[in-house]
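FYI, the numbering for the sequence shown is 46 to 217, going by our numbering.
Errors might be hidden in some of the hints.
[Unchecked claim] Think about it this way: if two alpha-carbon atoms lie no more than 30 Å apart in a straight line, the pair counts; the simulated DSBU-like pairs of lysine-lysine are:
#, residue 1, residue 2
1, K112, K101
2, K152, K194
3, K101, K48
4, K182, K119
5, K101, K119
6, K48, K86
7, K182, K53
8, K182, K194
9, K118, K129
10, K211, K124
11, K48, K152
12, K119, K211
13, K129, K194
14, K129, K112
15, K53, K72
16, K182, K118
17, K193, K118
18, K72, K48
19, K152, K211
20, K48, K129
21, K193, K152
22, K53, K152
23, K182, K124
24, K48, K182
25, K101, K53
26, K48, K211
27, K119, K152
28, K48, K194
29, K72, K194
No lab work stands behind these hints: they were computed from the structure. Being a predicted model, the structure only gives us computed values, none of them experimental.
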Amino acid sequence: MRKLRILKLVVNICVGESGDRLTRAAKVLEQLTEQTPVYSKARYTVRTFGIRRNEKIAVHATVRGAKAEEILKKGLAVKEFELKAANFSATGNFGFGIQEHIDLGIKYDPHIGIYGMDFYVVLGRAGYSVATRRRCKSRIGPSHLVTKKEAMQWFEQTYEGVILGKTAADKS
C-alpha cells in the first residue's frame, strides 16, 4: 500500500501561437506517446505575446502505465538523471523540461522542426482513487499523502538519479 508509483505523466509542448507550428508540435507528441494529443487554449489575451483568449497555443498528452515509465526514462536520460530539488513540489510530484525532442530518439524531420517539451510526473500510492472516484468519495489520510522528501527518495532509488541543490530539510 505504501509503495509509490507513477499515476500519470503529462507531456506538454507550448508553442505560443496557433496554426501550422502547433499542428507540427502535435505530430511530434503523437510520435512520442502514440496517442492523440489535446490542444490547450489561452486563458486570457496577452497583447505583448500576440495571443488572444481561447486561442489554441499548446498541446499536451497524458500517459499512464508502462508507457509513462518508458517515456519518463527517455526524458530523464536526456537530463542525465539529474534534477534540481526545486523540480519537486510539496505534494510529491515533479517536473522538468527538455530543449529538443530529437534527444528522445525521434528522427529529425526538416518539415516539422525542433520542439522543446515539459514532462510532469504525478506520483501516488495504491488507494488514491478513493478521492477521485464517482461513488463513495473519501479523503486520503495525511499519512498516506506523498511528501517532497518521499518523492525525492523514490526518484533516487528507482532511477539512480541525482538531486542537485538539496537543503538540510530535504536530506533528512
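Consistency of the hints with the structure:
no.: 1; hint: K112 x K101; verdict: 27 Å, holds
no.: 2; hint: K152 x K194; verdict: 37 Å, violated
no.: 3; hint: K101 x K48; verdict: 38 Å, violated
no.: 4; hint: K182 x K119; verdict: 36 Å, violated
no.: 5; hint: K101 x K119; verdict: 28 Å, holds
no.: 6; hint: K48 x K86; verdict: 36 Å, violated
no.: 7; hint: K182 x K53; verdict: 20 Å, holds
no.: 8; hint: K182 x K194; verdict: 27 Å, holds
no.: 9; hint: K118 x K129; verdict: 17 Å, holds
no.: 10; hint: K211 x K124; verdict: 17 Å, holds
no.: 11; hint: K48 x K152; verdict: 36 Å, violated
no.: 12; hint: K119 x K211; verdict: 24 Å, holds
no.: 13; hint: K129 x K194; verdict: 13 Å, holds
no.: 14; hint: K129 x K112; verdict: 24 Å, holds
no.: 15; hint: K53 x K72; verdict: 21 Å, holds
no.: 16; hint: K182 x K118; verdict: 33 Å, violated
no.: 17; hint: K193 x K118; verdict: 20 Å, holds
no.: 18; hint: K72 x K48; verdict: 35 Å, violated
no.: 19; hint: K152 x K211; verdict: 36 Å, violated
no.: 20; hint: K48 x K129; verdict: 23 Å, holds
no.: 21; hint: K193 x K152; verdict: 36 Å, violated
no.: 22; hint: K53 x K152; verdict: 25 Å, holds
no.: 23; hint: K182 x K124; verdict: 38 Å, violated
no.: 24; hint: K48 x K182; verdict: 22 Å, holds
no.: 25; hint: K101 x K53; verdict: 23 Å, holds
no.: 26; hint: K48 x K211; verdict: 23 Å, holds
no.: 27; hint: K119 x K152; verdict: 14 Å, holds
no.: 28; hint: K48 x K194; verdict: 14 Å, holds
no.: 29; hint: K72 x K194; verdict: 36 Å, violated
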